[in-house]
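Q: Take a look at the letters that make up each chain.
Number of protein chains: 2
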Amino acid sequence: MDSLPAFAVGVDLGGTTIKAALVERGVGIQHELSRPTEAEEGPAHVIGRIAEMVQTLIRRAPDHQIAGIGIGAPGTVNWERTAVVYPPNLPGWGIVDLRKALQEALGIPLPVFVENDANLAGLGSAHYGAGRPFDAFIMVTLGTGVGGAIIYRNRIFRGTTGGAGEIGHMSIDYEGPLDRYGIAGSIEAYIGQRFLSRYARYRLLTQRHSLVHQMAGEDLRNLTPRLLYEAARAGDEPAREVLAWAGHKLGCVLASAVNLLDIHKIVVGGGVSAADRFILEPARQTLRRYVIPALRDKVEIIRETLGNEAGMLGAAQLVFQLLEHPSEELEA
Amino acid sequence: MDSLPAFAVGVDLGGTTIKAALVERGVGIQHELSRPTEAEEGPAHVIGRIAEMVQTLIRRAPDHQIAGIGIGAPGTVNWERTAVVYPPNLPGWGIVDLRKALQEALGIPLPVFVENDANLAGLGSAHYGAGRPFDAFIMVTLGTGVGGAIIYRNRIFRGTTGGAGEIGHMSIDYEGPLDRYGIAGSIEAYIGQRFLSRYARYRLLTQRHSLVHQMAGEDLRNLTPRLLYEAARAGDEPAREVLAWAGHKLGCVLASAVNLLDIHKIVVGGGVSAADRFILEPARQTLRRYVIPALRDKVEIIRETLGNEAGMLGAAQLVFQLLEHPSEELEA
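Quick mapping for you: the protein sequence lines, in order, are chains A and B.
Heads up, the first sequence is in numbering that gives the first Met the number 0, so the first residue is 0 and it goes up one at a time.
Heads up, the second sequence is in numbering that gives the first Met the number 0, so the first residue is 0 and it goes up one at a time.
In case anyone wonders, no lab produced these hints; they're calculated from the structure.
Note that the coordinates shown come from a computational prediction; the quantities given were computed from them, not determined experimentally.
Any given hint might turn out to be false.
Derived pair list, reagent style EDC-like, types lysine to aspartate or glutamate, alpha-carbon separation capped at 20 Å [to be verified]:
no., chain 1, residue 1, chain 2, residue 2
1, B, 297, A, 79
2, A, 99, A, 79
3, A, 297, B, 79
Here are some chain A residues the structure puts well away from chain B; computed CB gaps all over 10 Å [claimed, not checked]:
no., residue
4, 26
5, 159
6, 261
All C-beta atoms in this analysis are idealised placements derived from N, C-alpha and C, irrespective of residue type, glycine included.
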């Protein structure tokens, strides 16, 4: 092979939408496409759809040359990065070898790498986003759940089976509320979207003066984190208190991760992180109190400003990394 | 240089005792020495003493050739692994460049590497102890404090500044008891020797039927974890309950570490771990409940049977590793 093409395709395989981008190495996204996933039609349909998007993007690349394709999906991927394993957002999928299927659908044996989407968001941040100044950081993605990734020496720290970074299921209270896995006091059971919405609803139901009562319907049945931020931005003190409570919990779990890893920078992405001052500022205060003294002046929480693009950029970056240094990443 | 000598000296620089061993690579300790530290005499005295021990051991090596010297010390070492930084067991020491001082004392520029003692216990376990079957595991050392290390791909995972593995200060309850750093609910505040002794004393003071009342003096003022194990081994139910309580807490913090790192094997060393069935069995049960479902069948807690030797073996192993692959470990 001659020198590696400077372009790759990064795919974000979501439950409702497939996003794909042509990424120029070190520069960013050059073209971006979006299609409904239609996951209910099955893997073959979805893979055909990804192949079409990839072909469209290849035609936009110089000389129609790309280095390969990176695909991000939620949940587990296999260690070889070829397959999704019971992806939670694609019901009924089981284990699907995306590399093989996509290569067949394309009719060309382009390199294909599959990786967990939170890990790719971290890798994208490391090379194109808020993580660029650091060669090691913890990525936290606040959304429906609490996703995480460990970036170390500008690469994904994979652990033993490729699943490292599950910060969402670290516990901050061994007798705390249960998350969906039955783990007591995991951070997701406090600030995952469903849990935070329920907590906020119970806490604010009797606080009739809170703005959220004008926004979230009868009995606050439509209360979401997003409505909390809107109320907080409008000056609503009860909503701010809920978000500060969430930020405090986030700071606790981050401190445990920092103490264990000796990694001092934390990049927070995802929709919730838009509420920087209401969640992240309390998180910063708590974080400093819960890390060992030697780290108190070093810890820092930074907000990621890349949105969905982080995952696609990370997917493309993974292709470049693995083709240049296969042994470092792929060995067990 | 010709091929690397197959022997190195591993030193364990304790607050009261210096231990040093001549280690044959892949085989184990060939000779071992022990001297009082006499730390109050200052760094020059202690370094002179280490130099004497090293010289004695070099004379036992084939052709009087060793690859180098590894030194383990508690607390922080600098990233370059040349100096201890305010070692907690050597009061008044500040930052001491052990490499330079020892090379000068020896009069020969042998390679010298300094590393945190918990990290070296982990490395020793990885190459000579219970960690041998695994290329990644979490090492926990139960003693005065709760030490930790992360072994990944048979090497020490160092983090950003060389301080990774501080599992003792991970919190399991954000409103729990404070440790010596003021961190709420850190595992050390439950099972560190001083904390566990105090908890046991208060819990057992009124349980007059417990054997510990015959062992620990008036008002249980001499109660230690070791006495608890002795009582537990003698069948004392109250003592067993205290140790099970400690094991449950240990399982909680290990689960958070496992979830974050995706490292499934845990090697427990240190004096407390002798109480395998009383502490580690409850820890195993809790651990399984607090890790994500995908890991429940994979997690395993193994007891390290090497004692102090683990640290010296690890110190020697570090010398071999760093001389063979300097860039992998030393780059930032």
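Q: Taking the minimum C-beta separation from residue 26 (chain A) to chain B, is that value above 10 Å?
A: 26 Å, holds
Q: Is the nearest CB of chain B more than 10 Å from the CB of residue 159 (chain A)?
A: The claim breaks: residue 159 (chain A) does not keep its Cβ more than 10 Å from every Cβ of chain B (closest is about 5 Å).
Q: Need the status of pair residue 297 (chain A), residue 79 (chain B): alpha-carbon distance at most 20 Å?
A: Measuring from Cα to Cα gives roughly 19 Å; hence the hint holds.
Q: Just to be careful, I want the Cα atoms of residue 99 (chain A) and residue 79 (chain A) compared with a cutoff of 20 Å; is the pair within it?
A: 12 Å, holds
Q: Taking the shortest Cβ-to-Cβ distance between residue 261 (chain A) and chain B, state whether it exceeds 10 Å.
A: 3 Å, violated
Q: Does the alpha-carbon distance linking residue 297 (chain B) and residue 79 (chain A) stay inside the 20 Å limit?
A: 19 Å, holds
The structure shown violates the earlier hints numbered 5, 6.
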